[in-house]
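Visitor: Here the protein sequences line up with chains A and B, keeping their order.
Here the working numbering is used: position 74 in the first sequence is 74, and no number is missing along the way.
If you want the working numbering, it's the 1-based position in the second sequence plus 114.
Hints are computed from structural coordinates only; laboratory data are not their basis.
Backbone N, C-alpha and C define an ideal beta-carbon position, used for all residues, glycine too.
Be a bit skeptical, because a hint or two may be false.
Said to hold, decoys possible - Covered stretches of chain A, going by a simulated chain B footprint (3 or more residues, C-beta under 8 Å):
(1) 75–89
(2) 102–114
To be verified - Cβ-Cβ distance ranges computed for the label pairs, FRET-style:
(3) B:128 / A:101: 28 to 34 Å
(4) B:177 / A:59: 29 to 35 Å
(5) B:179 / A:14: 50 to 56 Å
(6) B:168 / A:101: 19 to 25 Å
(7) A:10 / B:121: 27 to 33 Å
(8) A:59 / B:170: 31 to 37 Å
(9) A:68 / B:180: 30 to 36 Å
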Amino acid sequence: GAVVSQHPSWVICKSGTSVKIECRSLDFQATTMFWYRQFPKQSLMLMATSNEGSKATYEQGVEKDKFLINHASLTLSTLTVTSAHPEDSSFYICSAARVNSPLHFGNGTRLTVT
Amino acid sequence: DAKTTQPPSMDCAEGRAANLPCNHSTISGNEYVYWYRQIHSQGPQYIIHGLKNNETNEMASLIITEDRKSSTLILPHATLRDTAVYYCIVRVGLAGGTSYGKLTFGQGTILTVHP
Numbered sequence: 001g002a003v004v005s006q007h008p009s010w011v012i013c014k015s016g017t018s019v020k021i022e023c024r025s026l027d028f029q030a031t032t033m034f035w036y037r038q039f040p041k042q043s044l045m046l047m048a049t050s051n052e053g054s055k056a057t058y059e060q061g062v063e064k065d066k067f068l069i070n071h072a073s074l075t076l077s078t079l080t081v082t083s084a085h086p087e088d089s090s091f092y093i094c095s096a097a098r099v100n101s102p103l104h105f106g107n108g109t110r111l112t113v114t
Numbered sequence: 115d116a117k118t119t120q121p122p123s124m125d126c127a128e129g130r131a132a133n134l135p136c137n138h139s140t141i142s143g144n145e146y147v148y149w150y151r152q153i154h155s156q157g158p159q160y161i162i163h164g165l166k167n168n169e170t171n172e173m174a175s176l177i178i179t180e181d182r183k184s185s186t187l188i189l190p191h192a193t194l195r196d197t198a199v200y201y202c203i204v205r206v207g208l209a210g211g212t213s214y215g216k217l218t219f220g221q222g223t224i225l226t227v228h229p
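Throw the hints in and build the complete structure from the sequences for me.
Guide: In structure tokens form, the structure reads like this:
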């Protein structure tokens, strides 16, 4: 079964509002989670690395004040898209690192900003 | 992490074996080869990984050349549900294949399985 749960699976929001996406590791603790973004017909692009109890590490070109990441517990990381705009519409995917196991991914969140 | 090269697309008939190649000529000695696939509008799914020996699991087989500069993912009996984008990724792994670090995705191979 799924080991990483992502919620919601899809969301539509109005321009200027904020949207929170949750990523949970099921039955295991994940000290590190990763957030990716994928535009249509493109590959996954890493946005940031989320570490439990510390600040996230963002990839070059990703605005940390726009994409807020909180990894408050060993099983939950959240990504908040603040003041969303239509160009933020994308497929957001999280993944979690599990001991002695390859990286597992959530099923993604389709964000549409109108 | 070493760069990988994959064909952009491949076709396969249902029931036949699908052989997906990947070149990773700059792979280092401590880098593993990972394969993931992404079915439309879903998150990537782990398939298999290996260091230098051939590997097989319930989903696929991974054949790594002796010089480790290339590998082939084999789906022995492809079904329509195997239609997906297949990603070959090379990165440093810990003993046992644990991947704590990030994975960098290339463009992958679009595999289309047809009836």
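Visitor: Examine the region 75–89 of chain A: at least three residues should have C-beta closer than 8 Å to a C-beta of chain B.
Guide: Since three or more residues must qualify, the claim that chain B covers the region 75–89 of chain A is violated, with 0 doing so at under 8 Å.
Visitor: Using the Cβ atoms, figure out if residue 177 (chain B) sits within 29 to 35 Å of residue 59 (chain A).
Guide: 33 Å, holds
Visitor: Between residue 59 (chain A) and residue 170 (chain B), does the C-beta distance stay in 31 to 37 Å?
Guide: 35 Å, holds
Visitor: Verify the CB-CB distance for residue 179 (chain B) and residue 14 (chain A) against the hinted window 50 to 56 Å.
Guide: 53 Å, holds
Visitor: Closer than 8 Å Cβ to Cβ for three or more residues is the test here. Does the region 102–114 of chain A pass it with chain B?
Guide: holds (count 8)
Visitor: Check the following: the C-beta atoms of residue 10 (chain A) and residue 121 (chain B) are separated by a distance inside 27 to 33 Å.
Guide: The hinted range 27 to 33 Å holds for residue 10 (chain A) and residue 121 (chain B), with Cβ atoms some 32 Å apart.
Visitor: Given the hint of 19 to 25 Å, is the C-beta distance from residue 168 (chain B) to residue 101 (chain A) inside that range or not?
Guide: The hinted range 19 to 25 Å holds for residue 168 (chain B) and residue 101 (chain A), with Cβ atoms some 21 Å apart.
Visitor: Check the following: the C-beta atoms of residue 68 (chain A) and residue 180 (chain B) are separated by a distance inside 30 to 36 Å.
Guide: Since residue 68 (chain A) and residue 180 (chain B) have Cβ atoms about 48 Å apart, the given range 30 to 36 Å is violated.
Visitor: Do the beta carbons of residue 128 (chain B) and residue 101 (chain A) sit within 28 to 34 Å of each other?
Guide: 31 Å, holds
Going down the numbered hints, you'll see the structure goes against 1 and 9, while the others check out.
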